[in-house]
Amino acid sequence: MRGRRFTKQRQTAAFLVLALLAPTGTHAQVYIPPPDDLIEPQPALPPATDPGVPPPAPPPPSAPASMTWDEAKAQARELGSSVRGANQGITDAPGAAGQIPGYQANYPGLT
Numbered sequence: 001m002r003g004r005r006f007t008k009q010r011q012t013a014a015f016l017v018l019a020l021l022a023p024t025g026t027h028a029q030v031y032i033p034p035p036d037d038l039i040e041p042q043p044a045l046p047p048a049t050d051p052g053v054p055p056p057a058p059p060p061p062s063a064p065a066s067m068t069w070d071e072a073k074a075q076a077r078e079l080g081s082s083v084r085g086a087n088q089g090i091t092d093a094p095g096a097a098g099q100i101p102g103y104q105a106n107y108p109g110l111t
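Numbering of the sequence shown is given in my numbering, commencing with residue 1 and proceeding in unit increments.
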């Protein structure tokens, strides 16, 4: 039993020495040389020029007078009704997107 233990100790020591000597992937250095030639020739850049400062712009116009809540509500209603009126019947036009084949407004479709 004594001889067997001695060989296991030797084996463990040999593995330990190999593990310490063998470089791992994280410690090994990889040399990447710089490129020798460019893939395509680079054109010369134009000389840098100072764009300068643009002339000052005129001041923005003053904001129109604000409207009251009732005026805003009335304007929103008017705009909404005009948009609804303009879009009324778009899907009823022949060949329009969103039509359901065989659909009848007054009769439930067969399922």
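The hints are simulated quantities; they were obtained by calculation from the structure and are not laboratory data. Note that the structure is a prediction, hence the values are computed from the model and not measured. Quick reminder that beta carbons are idealized off the backbone N, C-alpha and C, glycines included. Honestly, I wouldn't trust all of these hints.
[Said to hold, decoys possible] Computed Cβ-Cβ distance ranges for the label pairs, DEER-style: (1) Gln29 with Val53: 26 to 34 Å; (2) Gly85 with Ala65: 23 to 31 Å; (3) Ala93 with Ala65: 40 to 48 Å; (4) Val53 with Leu79: 38 to 46 Å.
The hints, checked one at a time:
1. Gln29 with Val53: 26 to 34 Å: The hinted range 26 to 34 Å is violated for Gln29 and Val53, with Cβ atoms some 52 Å apart.
2. Gly85 with Ala65: 23 to 31 Å: Once the Cβ atoms are compared, 29 Å apart, the range 23 to 31 Å for Ala65 and Gly85 holds.
3. Ala93 with Ala65: 40 to 48 Å: At roughly 42 Å between Cβ atoms, Ala65 and Ala93 fall inside 40 to 48 Å, so the hint holds.
4. Val53 with Leu79: 38 to 46 Å: Given about 42 Å between the Cβ atoms, the range holds.
In this structure, the one hint that does not hold is number 1.
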